[in-house]
Amino acid sequence: MANTTLQPAANAVSETKRKRFMWNRILRNWQLYALISPVIAYYVLFQYVPMYGIQIAFKDFIATQGIWGSPWVGFEHFDRFFNSYYFWRLIKNTLGIGLYSLAVGFPIPIILALLMNEVRAERFKKFVQTITYAPHFLSTVVVVGMMMIFLSPRYGIINHFIEMFGGQPINFMTEPSWFKSLYVLSDVWQTMGWSSIIYLAALAGIDNQLHEAARVDGATRLQRIWHINIPGIMPTIIILLILNMGSIMGIGFEKVLLMQNNLNMESSDIIATYVYRMGIQNAEYSFSAAIGLFNSVINFILLVVVNFISKRVSETSLW
Amino acid sequence: MQIESRGDRIFNVINYAILILVTVIVMYPLLFVLSASFSDPQAVLRGEMLLWPKGVNLNSYAKIFQNQDIISGFTNTLVYTSLGTFINLTMTILAAYPLSRKDFVGRNAIMALLVFTMFFSGGLIPTYLLIKNLGMLNTLWVMIIPNAVSIWNIIIMRTFFQQSIPGELQEAATIDGCSNIKILTRIILPLSMPIIAVTILFYAVGHWNAFFNALLYLSDKDKFPLQLILREILIQGQTNDMVKMSTESAIKQQREVEGIKYAVLVVANIPVLALYPFLQRYFVKGVMIGAIKG
Chain A
1 MANTTLQPAA NAVSETKRKR FMWNRILRNW QLYALISPVI AYYVLFQYVP
51 MYGIQIAFKD FIATQGIWGS PWVGFEHFDR FFNSYYFWRL IKNTLGIGLY
101 SLAVGFPIPI ILALLMNEVR AERFKKFVQT ITYAPHFLST VVVVGMMMIF
151 LSPRYGIINH FIEMFGGQPI NFMTEPSWFK SLYVLSDVWQ TMGWSSIIYL
201 AALAGIDNQL HEAARVDGAT RLQRIWHINI PGIMPTIIIL LILNMGSIMG
251 IGFEKVLLMQ NNLNMESSDI IATYVYRMGI QNAEYSFSAA IGLFNSVINF
301 ILLVVVNFIS KRVSETSLW
Chain B
1 MQIESRGDRI FNVINYAILI LVTVIVMYPL LFVLSASFSD PQAVLRGEML
51 LWPKGVNLNS YAKIFQNQDI ISGFTNTLVY TSLGTFINLT MTILAAYPLS
101 RKDFVGRNAI MALLVFTMFF SGGLIPTYLL IKNLGMLNTL WVMIIPNAVS
151 IWNIIIMRTF FQQSIPGELQ EAATIDGCSN IKILTRIILP LSMPIIAVTI
201 LFYAVGHWNA FFNALLYLSD KDKFPLQLIL REILIQGQTN DMVKMSTESA
251 IKQQREVEGI KYAVLVVANI PVLALYPFLQ RYFVKGVMIG AIKG
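In order, the protein sequence lines correspond to chains A and B.
The opening residue of the first sequence carries number 1 in my numbering; numbering runs sequentially from there.
The opening residue of the second sequence carries number 1 in my numbering; numbering runs sequentially from there.
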């Protein structure tokens with residue numbers, strides 16, 4: 001009996017002591033809080049205030065009444081979107097481009113890194129790296145502009161080649177069936193080198209003794225890549241796969257917008273560009289905020305689900 | 001020296017062949033643009049120029065520097081990039097230093113607050129309404145403040161502070177009566193020049209290439225950054241051309257525009273691509289540091 005009454009009292013003492021110690025640390029480091037406060041203010045204002053503004057997706061936003069004062073309408077905007085003529089087209093294009101990008105764009109940097117890792121001539125390796133990293137620094141506008149020039153039906157070099165071999169010039173940029181391939185392949189062109197850096201770093205971390213031992217046992221280059229290098233960079237691959245899966249529905253909106261024109265709309269219109277058109281150009285704020293929210297929620301769920309599966313299957317996860 | 005088996009030699013040949021092919025595919029469009037910008041536009045348009053410049057001249061460049069839009073775009077971009085990068089760097093340091101300290105109470109909570117925005121955000125429309133309500137539409141600030149800091153760069157810099165600067169150094173300074181701000185300015189920053197260089201580069205390239213905020217928030221042409229001007233010349237011009245191609249003079253005028261496009265591309269990328277070979281290893285270092293604790 002005496003023991004049970006004493007125990008909480010002792011706990012309370014250590015509790016207050018711990019609190020005082022913590023307060024001391026906070027007071028002593030007040031300058032750190034002062035330093036970080038502008039950054040916290042920025043995040044609250046420019047990231048969390050817009051999250052508060054998401055509620056207009058469930059309201060009828062009236063500018064004069066503000067976000068808080070506008071009347072609630074529940075899921076009306078979502079209903080309208082799900083039943084709209086464009087809904088399936090937008091889903092099909094958004095998912096289509098996302099999955100196509102993932103299927104082609106994800107493995108290529110891994111393969112490139114594995115190949116570069118096998119090069120023994122340092123100068124050659126440096127050269128390949130310098131060249132393949134370079135397009136990463138070009139702007140989206142420049143890359144799309146280059147595509148337009150090269151693929152122009154009248155003056156483009158690609159069509160000059162096609163005509164040289166007796167073909168008919170193709171108007172690539174306005175042909176819906178070409179849109180997704182152009183988007184994905186130009187992305188591969190621009191990012192494969194840069195994306196391979198992270199895998200090269202992971203490959204450099206693999207213990208060389210494993211390779212020595214395998215060589216003694218008579219393993220060929222391909223066998224060593226398959227049984228040592230690939231398993232060695234698996235955790236990196238999985239982390240990046242999770243991140244990429246989470247952004248399947250959040251594809252590079254800027255580039256799609258730049259490549260889009262009235263003629264290829266059928267396969268280039270994605271959720272993000274639709275939000276831009278409806279919200280910024282037509283000023284239908286609530287409706288487009290609802291669509292935007294729908295998209296971010298799906299992204300978030302995808303990320304969480306893939307992360308959960310990966311945690312179960314391979315014990316690698318983001319958190 | 002290892003003795004290579006026949007299989008390994010075949011592997012080597014194929015490997016080199018693939019890598020050379022990849023390099024050529026990446027390099028050719030870039031070289032083509034560079035050569036075309038120095039060539040006679042007519043030869044380029046007829047498809048006679050394949051790799052080396054034909055009819056070398058600098059006319060296209062001369063025309064560019066007479067174009068008022070391009071010059072104002074260039075100066076605007078310079079202003080946005082320098083001012084923006086300065087604010088970015090300051091904010092990144094302000095966040096990274098406290099977050100790198102183990103005795104900073106609440107650092108996990110603050111980190112969570114920042115990292116959460118990587119995975120979820122208010123989205124385009126609520127952000128747009130906020131900017132509008134703040135009265136920032138069509139001002140210089142809209143190109144700088146909404147992107148004042150990036151969580152990736154905070155993580156990279158924080159990781160560097162934690163791993164490359166000995167904690168004992170900071171403890172010793174504290175015992176000697178050094179305040180936290182003094183530790184930052186006298187000890188941390190002078191030891192962090194490589195990572196500061198990387199951060200500046202990442203931000204500066206981002207500002208140089210940015211066009212979407214300008215498209216959303218700017219309406220006066222004299223405030224447009226270079227990328228928006230480029231978009232008009234390279235992309236919108238192109239789609240317009242497809243529609244109206246009726247008269248002889250229109251065709252002639254279009255050929256003129258086609259000619260300067262290559263020079264425009266080169267000018268837009270000169271600052272970045274000229275610095276790139278020298279800075280490449282710093283960029284790569286930045287990616288590596290970020291990768292350790294992504």
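Note that these hints are calculated values from the structure, not bench results.
A few of these clues could be false.
List of simulated lysine-lysine pairs, DSS-like, C-alpha gap at most 25 Å [claimed, not checked]: (1) A/LYS180 x A/LYS125; (2) B/LYS63 x B/LYS223; (3) A/LYS126 x B/LYS182; (4) B/LYS223 x A/LYS255; (5) A/LYS17 x A/LYS92; (6) A/LYS125 x B/LYS285; (7) B/LYS221 x A/LYS255; (8) A/LYS17 x B/LYS102; (9) B/LYS132 x B/LYS221; (10) B/LYS182 x B/LYS102; (11) A/LYS19 x B/LYS102; (12) B/LYS132 x B/LYS223; (13) A/LYS255 x A/LYS92; (14) B/LYS63 x B/LYS285.
This structure is a prediction, so every number in the text was calculated from the model and none was measured.
A quick look at each hint next to the structure:
Taking the CA atoms of A/LYS180 and A/LYS125, the gap is near 32 Å; set against the 25 Å cutoff, the hint is violated. Simply put, B/LYS63 and B/LYS223 have alpha-carbon atoms about 22 Å apart, close enough for the 25 Å limit, and the pair holds. Taken as a hint, the A/LYS126 and B/LYS182 pair is broken in the structure, with Cα atoms around 41 Å apart against an allowance of 25 Å. For the suggested pair B/LYS223 and A/LYS255, the alpha carbons sit about 22 Å apart, so the restraint of at most 25 Å is met.
With a C-alpha separation of about 60 Å, the suggested pair A/LYS17 and A/LYS92 falls outside the 25 Å cut-off, and the hint is violated. At roughly 17 Å between alpha-carbon atoms, A/LYS125 and B/LYS285 fall within 25 Å of each other, so this suggested pair holds. Annotation: proposed proximity of B/LYS221 to A/LYS255 holds, straight-line Cα distance about 22 Å (limit 25 Å). With a C-alpha separation of about 20 Å, the suggested pair A/LYS17 and B/LYS102 falls inside the 25 Å cut-off, and the hint holds.
Distance check on the hinted pair: B/LYS132 and B/LYS221 sit about 19 Å apart at the alpha-carbon level, within 25 Å; holds. Simply put, B/LYS182 and B/LYS102 have alpha-carbon atoms about 18 Å apart, close enough for the 25 Å limit, and the pair holds. Using a Cα cut-off of 25 Å, the hinted pair A/LYS19 and B/LYS102 holds, with the two alpha carbons roughly 17 Å apart. Between the alpha carbons of B/LYS132 and B/LYS223 the distance comes to roughly 17 Å, so the proposed pair stays at or under 25 Å and holds.
At most 25 Å may separate the alpha-carbon atoms for a hinted pair to count; A/LYS255 and A/LYS92 meet this at roughly 18 Å. A C-alpha spacing of about 39 Å is found between B/LYS63 and B/LYS285, which places the hinted pair above 25 Å, so the restraint is violated.
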